[in-house]
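Chemist: What follows is each chain in one-letter form.
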Amino acid sequence: MLLSEAITQGPEFFSLAPWIIFFPVIGLLINMSFGGRMKERTIGILASSASGLAFVTSALLAISLLAHPEGAILPLAEWISIGDLQLNWSIRVDTLSTTMMLVVSGVGTLIHIYAIGYMHEDVRFKGDPGRYQRFFVFFNLFIATMMILVSADNYLMLFVGWEGVGLCSYLLIGVWYDRDLLGRPGTENALAGSKAFIANRIGDFGFLMAGFTMFWTFRTVTFSGVFAQVSQIAEIQPGAILAITLFMLLGVAGKSAQLPLFVWLPDAMAGPTPVSALIHAATMVTAGVYLVARSAPLFSAVPEAQAWVAWVGGITALFAATIAVGQHDLKKVLAYSTISQLGFMIAAVGMGAYVAGMFHLVTHAFFKALLFLSGGSVILGIERGHHHLDHENHHDEEVFDPGDMRLMGGLRKKMPVTFLVFTVGAVALAGIPPLAGFFSKDEILAEAFHLNFPVYILLAIAAFFTAFYMGRQVWLVFFGDPRHPAADHAEESPPVITTPLIVLAGLATLGGILNLPWVHTFTHWLEHTFETFHLHLHPGKFNLLIAIISTALAVLAIFLAWLLYGRKPLLKNQADPLKKILGPIFTGMNRKWYVDEAYDHLFINRYIDLARFLSIKVDWDFWHDWFHDRVIVAAYRQGARILAGPIDLGIIDGIANGLAKFFQAVANRFRKLQTGYVRNYALAVFAGVVVLLGYLILQ
Amino acid sequence: MTFFSNPLNLVTLFPLVGVLVILFFKQEQKKEIRWTALIVSLITFGISIWVLTLFDSGDPDLQLVINLPWIEIASWTISYQMGVDGLSILLVLLTAFLTPISLLSTWTAVEERVKDFMIFFLLLEVGMMGVFLAQDLFLFYVFWEFTLVPMYFLIGIWGGPQRMYAAVKFFLYTMAGSVLMLLAILWLGIYQGSFSVPDLTILGGIPAQVQLWLFLAFGAAFAIKVPMWPLHSWLPDAHVEAPTAGSVILAGVLLKMGTYGFLRFNIPLFPQAAVKLAPWMALLSVIGILYGAAVSYYQRDVKKLVAYSSVSHLGFVMLGLFALNQQGIQGGILQMINHGISTGALFLLVGIIYERRHTREMDDFGGLWKVMPVYGALTLVVTLSSMGLPGLNGFAGEFPILLGAFGSEAIGSSWYAGFATLGVILAAVYLLYMFQKLFLGPLDKDENKAVKDLTVRELITIVPLVILIFWIGLYPKPFFTLMAPAVEKLLTVIQAASLALY
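From first to last, the protein sequence lines stand for chains A and B.
If you're matching positions, the first sequence starts at 743 in the numbering used here and goes up one per residue.
If you're matching positions, the second sequence starts at 127 in the numbering used here and goes up one per residue.
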């Protein structure tokens, strides 16, 4: 706190806050309008600068907060206002939102820079350079929508960002919308995008329901408005708050890929690696964690909801970690690892350990972005090798998957920088001191130990698996001998790719400094926000025993991984050694415990059946063909016959004849009527009206 | 104010000037006819903007009223009474806005009998304007029935292969409902002694039991028009067979005549019945939302998919109106406009690809985004708007509707809104499916490889709609401001009725 004392009268830049959204929007508008005529590199640099300027703005906001920790609210415009429903475009700058802004724009800018190099090669390997522009337009749009999400001052503006980032995820998963996972023509990527969108929509259903309940309970959806009334409402209507938080949990499960909605995230790896790193690891998927932390006063008011959140997080953490062990695809391992780590964060914020959850969110953003990006560098390196082979050997037409770890091996010599940074990320994720992951994960475990012991057990086992699958991955990818000629010819990536990796490796190494035990810089930083809502954060106590247990577990897991994959490296075409040991369990892990199949069987196919039944049987055969075209038409005809016969009064006859003539003339004039029935119908209707009219008048 | 200088008369009757001029052209003078129709409809749009500038958004009552005695039989007076208020001003603007866009979309699509086409189209505009402005029940009925005739011919002459069947069905269906409405109108005229809607609203005093019957009689006409489930069977036929411009107007404006009817007549004239029947209306709306969404998903023809999506979307509108609270009704009115814009745009977009490929089967497409990037991007925006993405117009209507329905006292249970909210998921399912079938995946059909992206004329038809999609999505305030006082006034009528009931 010394720094803030030094500049208590420091500068205040709060009014710049909207620029965190405007900069990326300007970037995307320029790239969208003129990108077609600009050089590739210009597009990339422009997009990166837009994100970079957003980062500078966020940093200025953070500096302002040092002097003015109470933050600021900047109303921009009215949005939807009907009666007492008042929704505004309004930005909230406090230590919590600014933390997210810094992560999003900071990591985002590094990934933008990386993508300049990555997409340059990717579009060439896939043979469509036009996609470069599209990618950066969407990438900037993502930064903009994510900034809306984290800077919102009310739940509905947050929801704009919430669905906006979902849209960007959809668009970016489908940047190669005309390909399958291996770059051949197909619909796989497009379907992965739709799956992500729809799974998220199910979560958004929960979010909306939470919003409705919230409005009718609190008559407002602004953060401060809601939180100010929580203690009062919790007395009289605890059920309402429970409903709000549980609906919100559904939203969180969608966005942050928790059980039961996690299934979209592994498929989302169809997107280019920078997308996986930025959206599906570092930022967007953590929005759920942010939402719970932001709604801390609500969740803290209902312990029952907290327990639900903690259990969902804990179970997801373990469940996804087991699946990660059985994957052969480099990015899939990281995807399940992300789900698992998100489970850690959700469990933490669920237990009320908001700082621990947010701390892990930040460090995870560093090391998981690092892992994905260096993984992307590996894939590019192998593609370069494959490309090289293609040039030598033109008839080489085999289907080749550059992400399959079974075809890698020995890359530490071919790609030394990538190897080094990937290992840093892996060690950080495994939770080995003194890297960033150790401190943040340990804080969660220490909190869980006190707050919710069963969940602690789940998380501790998940942490063991984490260290194991990371060890497995490092040995499979970088050690032993190349198991495919492409891996043998792999080449290191250029500096535009490796530089951001080195920066991230530095952050992953030193990130723990943010909230060292006994210092608690980050706790004090976030305290300002939580105290506004009368929530007092207790600085997590460092528990040496737990630290030793977790470290020992991690070391043991890595040792096991070495036994299986390091001591005798995997050979070409050799089955995974774990498969021999675990048999069907390994297959279960590999097939992600058949959750996708179960969902297909239980929900998706049932919905398709229902839609088919409704549209063909009910709507068409029954309503359309039978009820309307048969029953109603028959009734009309019958009516017409009766009216034309017994009730054939003079007046009606006259009018009817006139009408009939008129309609006949009209019909003849324009087209011979298919049936001629129209005359009868019209006659019947008009005659009926006249009869009734006459009755009413004469009555 | 003399008859022709009243801006409401002008906006209603001005298209007739175009009809007169076009009559003097020969059938072969297609270019002149098209331009005349377009310019006349643009001037009409200009007049509607003039009406807007004269409109006082703070005033809850009817404005710019013209009231002339028209027909007097025995003791009844049928008057030529027109007026505009917050309930109808946006629909007037929407009609005037969509007509020139629709006309422009026919530039190359309609080559046969252009003269007749344009005459019918302008006549249709007269009818629609009249429906939204008439304040005398009899006059309203005349305009209501009048819209049938041009639409009947638009479908029946310029439609697809099954056009006669669809046109007849459209005509008879709507007629059948109208008859009951006519009877109810006559009852009101005889027993309440007036056809004037404002007078009848003030008069009130219809026994609750009678209100119920009258509500149902009016409701029959409107529910068919909306269309509410299960009376929607004419809609897919009419849409699939109608020419593009016909579909745009049908979805964009004609369906709104049904929802507007409920808002203008059923709720204020029979408020006790409206309060009593609100849960039932909500139930039908929710069924329509979910049913329409599920059936949409299984369609193979894009146009049919969009047609069924209207059943779902208008379910939202009806749910909002019968929430009978401020959020619900205002959201419902805005959603009428939104649906006109988004679904109108979707039909335009479908028409554009149909003109190029002469098919609407989704299986015939795939990967179009590659060859038609602008078309793809615009379709994406419209699709997202249709599925209610926040920040675009659909959400600005859907959210208040669902919020209103959730807390509605008249509906009485949050379950309706809960189930309706599921429709938001299903909308994403069928719309993303449509987008994927058309634009994503490999470009593997040879016929699709050479299709051209949008022409300037096509851009001019779509871009104004897309601008509105963003405008209403980001800053709907001016739209809500226009309707708020009139809706508040309507709410006092409803509250009085609820008090009388309970």
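Take the hints with a grain of salt, since some may be wrong.
Quick look at which bits of chain B chain A covers, simulated, 3 or more residues with Cβ under 8 Å [said to hold, decoys possible]:
| no. | stretch |
| --- | --- |
| 1 | 371-383 |
| 2 | 510-524 |
| 3 | 550-558 |
In short, the hints are calculated from the structure, not lab data.
The C-beta atom is built at its ideal place from N, Cα and C for all residues, glycine as well.
Chemist: A separate judgement is required for each hint: does it hold in the structure or not?
Modeler: Status of the hints after comparison with the structure:
1. For the stretch 371-383 of chain B, the stated coverage by chain A is violated: 0 residues have a C-beta nearer than 8 Å to a C-beta of that chain, whereas at least 3 were required.
2. Counting residues of the stretch 510-524 of chain B whose CB falls under 8 Å from any CB of chain A gives 5; the rule of at least 3 is met.
3. Interface restraint, the stretch 550-558 of chain B with chain A: holds (5 residues with C-beta to C-beta distance below 8 Å; minimum three).
Against the hints set out earlier in the document, a violation occurs for number 1 only.
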